[in-house]
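Student: Model the placement of chain Z on the given structure of chain F, informed by the hints.
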Amino acid sequence: MPKRPGFEPLCRLLLKHAAFTVGGGSVTMIALERDLVEQHHWLERDQFRTLYGLARLTPGTSILALVTGIGWQLHASTGAIVALAVSTIPGSVLAALLAAAYQQVYEQPLARAFLSGTAAAVCGLIAASVWRMVAPYWSLSSAIVFLAALALALAGLSPFVAFIGLGVLGYFWRDRCNS
Amino acid sequence: MQLLALYWVLLQSMLTSFTGLSSLPVIRHELVETRHWIDDRELNAAVMIGRSTPGPLGVYVVCVGYFVAGYPGAAVGMLAMATPALLILLLLRVLPEDPRLKNAIRYIVLAGSAYSLAALAGMAPTALTSWWAWGIGFVSATLLLRTRLATGWIVLGAGLLGVMLK
Chain F
-3 MPKRPGFEPL CRLLLKHAAF TVGGGSVTMI ALERDLVEQH HWLERDQFRT LYGLARLTPG
57 TSILALVTGI GWQLHASTGA IVALAVSTIP GSVLAALLAA AYQQVYEQPL ARAFLSGTAA
117 AVCGLIAASV WRMVAPYWSL SSAIVFLAAL ALALAGLSPF VAFIGLGVLG YFWRDRCNS
Chain Z
970 MQLLALYWVL LQSMLTSFTG LSSLPVIRHE LVETRHWIDD RELNAAVMIG RSTPGPLGVY
1030 VVCVGYFVAG YPGAAVGMLA MATPALLILL LLRVLPEDPR LKNAIRYIVL AGSAYSLAAL
1090 AGMAPTALTS WWAWGIGFVS ATLLLRTRLA TGWIVLGAGL LGVMLK
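Chains F and Z, in that order, give the protein sequences.
Here the first sequence stands for residues -3 to 175, numbered as in the numbering used here.
Here the second sequence stands for residues 970 to 1135, numbered as in the numbering used here.
Only chain Z is shown next, with the shape it has when bound in the complex:
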């Protein structure tokens, strides 16, 4: 039963996500704040692993699934990540160019960004606990926005800095 509920939560998060980490707010709201199946530390670790692993960025939901229910949970996460991709087969048949649909997606992307900002505000107090942590966060954001450096390298470098500074 927990696996079904987990699949539904992760599927919801993917169905309302169109870019980047916009699936994060639904996952945090449902699994961290409401059901308490994982905590912010595990959610942060899932994002970190997802950013460091080759392949699609959405793969972090597999880690979320693992943290909730072990390998069966990871399999559920993988299914939830893959399921929405099949909707492209429907779009291929129905509506390649509908401006109203594009506007709907714009609204959802903006809402996803706002919810991500709110989720970040919830996660930051446990992650940004010193001046150097703020520095690492700022430099990581700048590197992502200003360079083509793969995020896996940014995360690895931040981890090594953490070891050196502690």
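Bound-form chain F, shown alone:
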């Protein structure tokens, strides 16, 4: 039977992993599983994996959904709210401060040179993200959905409308690779 932690150790752990880990969701997930399941025994591995699976199905930032589920599992709705706040606020404050700093310096020549390098890198990172998102699903039916969505994008249809429409289609139309 897993032990239930108090709020303070839970918040410390979430600050360490969800709020301040660099490297994205998979790095954070591995760190959280190691500490929550193996080190502190606050959750069983099956509980954690179920939460992770559901977090992947939740829209938005999956790590925030994961920590919300962890908080709920350990301290019901209060735990969910506290876990979400602890994992969201510090990184957001830092990002807002960096955005403010960016607006102060971006006209300076040195900063412009630095930012022209980062802008090129961001394009590369977006291209790599597209590939990462598409690769696990690759099949003929996925290619058709991808190309249809690309045509809608190039035609200027609102992405929100396209995503909702294709989501509804995907819910009711189960193609061969998923049936």
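Check each hint, because a few of them may be wrong.
As the list claims (entries may be wrong) - Restraint-style ranges between C-beta atoms, simulated for each label pair:
1) Met1133/Z - Leu11/F: 28 to 38 Å
2) Asp31/F - Arg1069/Z: 31 to 41 Å
3) Val1063/Z - Gln100/F: 38 to 48 Å
Since the hints were derived computationally from the structure, they do not count as laboratory data.
All C-beta atoms, glycine included, are put in the ideal place defined by N, C-alpha and C.
Tutor: This is chain Z only, laid out in the frame that chain F set:
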């Protein structure tokens, strides 16, 4: 009123995003192309800061909020980023394993990827203006796909290269 509209746009982008930067197309369509509240340079900077900041990758919407409306906008961005996470409480009660829902998400992820590609095509002309910028973009993509190097380091290295090459 602008803050409410901003919250709705950012919330839409998060509600239709299941991975990576798939929230980007909605933000670019609504805030850059339709309302002209930010430009591609600021959107690019928001992604760059989000990739360099510790914590969730979605934190770039906080920067988008800041560029639209200062610190109140950043707070709105933070709320929009956090709100969809509460939906997991609903999923915990309703449907852990529904194959139809998984298929719907697959379609949305593929659509998000296609829209991201279209958004990239719109952003690239302002960012990839020289042969070395294309090189930095290519190397950054390769590093993300082939190594475990944190994206913050990739972005920092690209910025330093930009300083050295200009």
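Student: It remains to establish, for every hint, whether it holds in the given structure.
Tutor: Status of each hint after checking the structure:
For the pair Met1133/Z and Leu11/F, the supplied restraint of 28 to 38 Å holds, since their beta-carbon distance comes to about 36 Å. For Asp31/F and Arg1069/Z, the Cβ-Cβ distance of about 35 Å falls inside the hinted range of 31 to 41 Å, so the restraint holds. Look at Val1063/Z against Gln100/F: about 47 Å separates their beta carbons, and that is inside 38 to 48 Å.
Checked against the numbered hints above, the structure violates none of them.
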